[in-house]
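**Q** Numbering of the sequence shown is given in my numbering, commencing with residue 4 and proceeding in unit increments.
Certain hints may be false.
[What the hints assert, rightly or not] Here are the computed distance ranges between Cβ atoms for each label pair:
hint, residue 1, residue 2, range
1, N356, K247, 28 to 36 Å
2, D245, I182, 30 to 38 Å
3, E216, K368, 24 to 32 Å
4, D101, N52, 25 to 33 Å
5, L172, I253, 38 to 46 Å
6, D316, R138, 48 to 56 Å
7, I104, N81, 18 to 26 Å
8, L75, K152, 47 to 55 Å
9, L172, K214, 23 to 31 Å
[To be verified] Below 25 Å or equal to it, Euclidean Cα-Cα: the simulated BS3-like pairs (lysine-lysine) are:
hint, residue 1, residue 2
10, K266, K224
11, K95, K152
12, K289, K246
13, K368, K246
14, K49, K95
15, K296, K207
16, K207, K176
17, K266, K288
18, K266, K222
19, K368, K247
20, K189, K237
21, K63, K106
22, K266, K214
23, K176, K241
24, K368, K241
25, K282, K297
26, K95, K63
27, K247, K224
28, K368, K282
29, K282, K266
30, K224, K241
31, K48, K83
32, K222, K288
33, K288, K207
34, K185, K207
35, K246, K297
36, K95, K83
37, K176, K237
FYI, nobody ran anything at the bench for these hints, they're computed from the structure.
None of these values were measured; they are calculated from a predicted model.
Glycine included, every Cβ here is placed at the ideal spot set by N, Cα and C.
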Amino acid sequence: MYELFFLILGFALSFLFIKFKNKNLLNKNISEKNLESKDLFKNQKKILNQIPDQILVIDKLKNIVFANQSALNRFGGNIKDSHIAEVIRTSKFLDGIDFVIEKNIPTAVKTEIQTPTYQAYEANIFQAPIFENERSIIILLRDLTEIYKIQQIKSDFVANVSHQLRTPLQSIKMGLETIDDKDSQKKFLPIMLQEAYRMENLIKDLLILSKIEQQEHIKPKDIINLNEIINYVKSSNKESLDKKNITLDIDIPEDATNVIGDKDKLIEVFSNLVDNSIKYSEPQKKIHVETYKKNSHQIEIVFKDQGIGIPKDLLPRVSERFFQADPKKSRVVGGTGLGLAIAKHIIIQHRGNLRIESEEGIGSKFIINLPLAS
Numbered sequence: 004m005y006e007l008f009f010l011i012l013g014f015a016l017s018f019l020f021i022k023f024k025n026k027n028l029l030n031k032n033i034s035e036k037n038l039e040s041k042d043l044f045k046n047q048k049k050i051l052n053q054i055p056d057q058i059l060v061i062d063k064l065k066n067i068v069f070a071n072q073s074a075l076n077r078f079g080g081n082i083k084d085s086h087i088a089e090v091i092r093t094s095k096f097l098d099g100i101d102f103v104i105e106k107n108i109p110t111a112v113k114t115e116i117q118t119p120t121y122q123a124y125e126a127n128i129f130q131a132p133i134f135e136n137e138r139s140i141i142i143l144l145r146d147l148t149e150i151y152k153i154q155q156i157k158s159d160f161v162a163n164v165s166h167q168l169r170t171p172l173q174s175i176k177m178g179l180e181t182i183d184d185k186d187s188q189k190k191f192l193p194i195m196l197q198e199a200y201r202m203e204n205l206i207k208d209l210l211i212l213s214k215i216e217q218q219e220h221i222k223p224k225d226i227i228n229l230n231e232i233i234n235y236v237k238s239s240n241k242e243s244l245d246k247k248n249i250t251l252d253i254d255i256p257e258d259a260t261n262v263i264g265d266k267d268k269l270i271e272v273f274s275n276l277v278d279n280s281i282k283y284s285e286p287q288k289k290i291h292v293e294t295y296k297k298n299s300h301q302i303e304i305v306f307k308d309q310g311i312g313i314p315k316d317l318l319p320r321v322s323e324r325f326f327q328a329d330p331k332k333s334r335v336v337g338g339t340g341l342g343l344a345i346a347k348h349i350i351i352q353h354r355g356n357l358r359i360e361s362e363e364g365i366g367s368k369f370i371i372n373l374p375l376a377s
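Build the full structure now, drawing on both the sequences and the hints.
**A** What follows is the structure in structure tokens.
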């Protein structure tokens with residue numbers, strides 16, 4: 004794939020630099036054919052400047068003779084005529100250039116470099132006859148930073164799933180190994196059942212999250228009444244609210260409360276938020292739900308609790324998968340660490356956004372923006 008790309012790129016650059024070399028011809032009396040050539044020259048340059056990857060061309064002395072617009076934006080507009088080692092100092096990258104020059108054949112070498120801002124790149128290096136008989140080096144730099152981030156997220160995800168499943172399995176295994184009389188059964192069977200439920204909830208949440216991510220591009224189109232579903236969430240959490248004597252107040256005006264969405268998924272979001280507030284609040288506290296019409300197109304829904312709060316430095320991470328601000332507390336209350344991740348992805352699917360404000364010892368606010376139904 005890269006070989007074909009570079010052949011096309013080499014052809015374009017060859018044509019471009021031939022035009023550079025013969026540019027004096029354009030200063031003479033220009034015939035209609037020369038005007039066409041000039042237009043083609045401009046078009047070639049436009050094509051190279053539209054390519055999002057950074058393209059550099061260096062001569063046999065390793066001085067930069069061409070940089071497309073993306074490269075100029077990335078490394079600065081004054082890099083032309085600079086030695087390549089002054090722009091990119093990574094030894095592995097420079098060794099790759101030496102390798103291509105030494106072989107003296109069109110080839111591609113992949114290597115990772117680190118830019119001054121520590122972004123990871125892949126460098127594809129190719130040799131081609133740009134200036135008539137003189138061979139030059141074409142360098143294509145492709146940003147891999149986001150790919151690496153995704154790979155790290157996947158790696159963390161696998162590690163977290165393994166940990167989350169291993170812990171309850173160890174409890175169940177230990178219980179099975181020690182049950183040999185009625186006293187042991189009374190002691191360990193409830194623990195084993197609790198851990199089995201925890202594993203079941205974890206797997207259920209993983210399946211929900213996976214399904215939501217697959218459907219994230221599909222925009223919901225139903226008209227949903229906010230009053231109806233929030234009151235439903237209140238009713239479905241009545242037992243948990245009563246158990247801790249927590250009050251859930253709903254302050255939503257009757258008019259302009261219809262949103263565009265998926266009823267079941269919005270119930271999932273609101274249930275997660277209410278469930279979190281109950282779990283992380285002391286008895287006899289309050290949860291307040293209210294809405295604000297931001298404009299003619301959006302409504303803001305605010306869930307405010309009087310819970311233990313979240314440390315300020317952890318707020319950016321609370322909607323990450325498996326992230327738990329207080330792992331010990333989460334284990335006691337039975338959280339999987341996926342509730343807010345599920346909520347965030349559902350809101351994204353609804354073309355809305357979720358933000359969280361919190362203060363330790365005071366409580367948290369979960370603020371959702373959703374599109375209003377016209």
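**Q** A separate judgement is required for each hint: does it hold in the structure or not?
**A** Going down the list of hints, with the structure as the test:
1. N356 with K247: 28 to 36 Å: Since N356 and K247 have Cβ atoms about 30 Å apart, the given range 28 to 36 Å holds.
2. D245 with I182: 30 to 38 Å: 35 Å Cβ-Cβ, so the 30 to 38 Å window holds.
3. E216 with K368: 24 to 32 Å: holds (26 Å)
4. D101 with N52: 25 to 33 Å: holds (28 Å)
5. L172 with I253: 38 to 46 Å: holds (41 Å)
6. D316 with R138: 48 to 56 Å: holds (54 Å)
7. I104 with N81: 18 to 26 Å: Since the Cβ atoms of I104 and N81 sit about 25 Å apart, the hinted range of 18 to 26 Å holds.
8. L75 with K152: 47 to 55 Å: With Cβ atoms ~25 Å apart, the hint is violated.
9. L172 with K214: 23 to 31 Å: Check passed, 24 Å falls within 23 to 31 Å.
10. K266 with K224: holds (10 Å)
11. K95 with K152: holds (22 Å)
12. K289 with K246: holds (13 Å)
13. K368 with K246: holds (22 Å)
14. K49 with K95: violated (31 Å)
15. K296 with K207: violated (34 Å)
16. K207 with K176: holds (22 Å)
17. K266 with K288: violated (28 Å)
18. K266 with K222: holds (13 Å)
19. K368 with K247: holds (20 Å)
20. K189 with K237: violated (35 Å)
21. K63 with K106: The given pair, whose Cα atoms are some 13 Å apart, holds under the 25 Å limit.
22. K266 with K214: Roughly 16 Å separates the two Cα atoms, so the pair holds.
23. K176 with K241: violated (35 Å)
24. K368 with K241: holds (21 Å)
25. K282 with K297: Violated. K282 to K297 sits at ~30 Å, over the 25 Å cutoff.
26. K95 with K63: The given pair, whose Cα atoms are some 19 Å apart, holds under the 25 Å limit.
27. K247 with K224: violated (37 Å)
28. K368 with K282: The given pair, whose Cα atoms are some 15 Å apart, holds under the 25 Å limit.
29. K282 with K266: holds (24 Å)
30. K224 with K241: violated (30 Å)
31. K48 with K83: Given that 25 Å is the threshold and the Cα spacing comes to 16 Å, the pair holds.
32. K222 with K288: Violated. K222 to K288 sits at ~36 Å, over the 25 Å cutoff.
33. K288 with K207: violated (29 Å)
34. K185 with K207: violated (32 Å)
35. K246 with K297: Not satisfied, since the Cα-Cα distance of roughly 35 Å exceeds 25 Å.
36. K95 with K83: holds (22 Å)
37. K176 with K237: Not satisfied, since the Cα-Cα distance of roughly 38 Å exceeds 25 Å.
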